[in-house]
Amino acid sequence: MKKDIIPLLLAIILVLISIGMNLFIDIELDGALYIGIGWLSVASFFYFVDKKIYLFAFGATLLAGLFSLIDIYYVSPKFQIGYFLVNPIFILLIFGFIFLNRDGLKQLLAEVPKLKGK
1 MKKDIIPLLL AIILVLISIG MNLFIDIELD GALYIGIGWL SVASFFYFVD KKIYLFAFGA
61 TLLAGLFSLI DIYYVSPKFQ IGYFLVNPIF ILLIFGFIFL NRDGLKQLLA EVPKLKGK
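Numbered per my numbering, the sequence shown spans residues 1 to 118.
Honestly, the hints are just simulated from the structure, not real lab data.
A portion of the hints provided could be inaccurate.
Unchecked claim - Straight-line distance between alpha carbons at most 30 Å, and here's what the computed DSBU-like set of lysine-lysine pairs gives: (1) 2 x 52; (2) 51 x 106; (3) 52 x 3; (4) 2 x 106.
Said to hold, decoys possible - Listed next, with one range per pair, are the computed distances between beta-carbon atoms: (5) 45 x 68: 22 to 28 Å; (6) 63 x 34: 16 to 22 Å; (7) 98 x 78: 19 to 25 Å; (8) 38 x 86: 20 to 26 Å; (9) 19 x 68: 16 to 22 Å.
Glycine included, C-beta positions come from ideal geometry on N, C-alpha and C.
Between the sequences and the hints, there should be enough to build the whole structure, so can you do that?
What follows is the structure, encoded as structure tokens:
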């Protein structure tokens with residue numbers, strides 16, 4: 001198994017736990033979790049189709065979750081930094097994502113056109 005899928009699998013496990021809690025314990029899920037499930041589904045699809053798009057899609061999903069725009073877990077521990085609510089679950093997932101996908105991210109960033117100075 002490739003190690004670059006570990007952050008994605010952790011996020012999927014958190015979603016499955018949330019869905020299980022909803023089904024068996026009757027915990028109500030909010031709209032941010034449903035949006036997070038959709039974004040995570042798109043990122044999961046692109047993992048198998050195109051790795052470059054996956055890196056962008058999952059990175060965008062993690063950044064949206066970091067600033068509490070989406071959720072992937074029924075419990076949302078958040079703390080405030082200035083005007084932003086930050087979710088520590090996504091901080092850990094971002095670190096794992098960057099560490100395990102650093103080669104792909106370097107390659108993706110190398111392809112970004114450089115801005116020319118005047």
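Hint-by-hint comparison with the structure:
Taking the CA atoms of residue 2 and residue 52, the gap is about 16 Å. The hint holds against a cut of 30 Å. Proposed proximity of residue 51 and residue 106 is supported: the alpha carbons are some 13 Å apart, at most 30 Å. Restraint check for residue 52 and residue 3: the C-alpha separation of about 16 Å stays at or below 30 Å, so the hint holds. Our distance criterion of 30 Å between C-alpha atoms is met by residue 2 and residue 106, whose separation comes to about 18 Å.
Judged by the Cβ atoms, the range 22 to 28 Å given for residue 45 and residue 68 holds: they are separated by roughly 24 Å. A hinted range of 16 to 22 Å holds for the C-beta pair residue 63 and residue 34, which are about 19 Å apart. Checked against the hint of 19 to 25 Å, the pair residue 98 and residue 78 passes, with Cβ atoms roughly 21 Å apart. Look at residue 38 against residue 86: about 22 Å separates their beta carbons, and that is inside 20 to 26 Å.
At about 20 Å, the CB distance of residue 19 to residue 68 agrees with the hint of 16 to 22 Å.
Violated hints: none; the structure is consistent with every hint.
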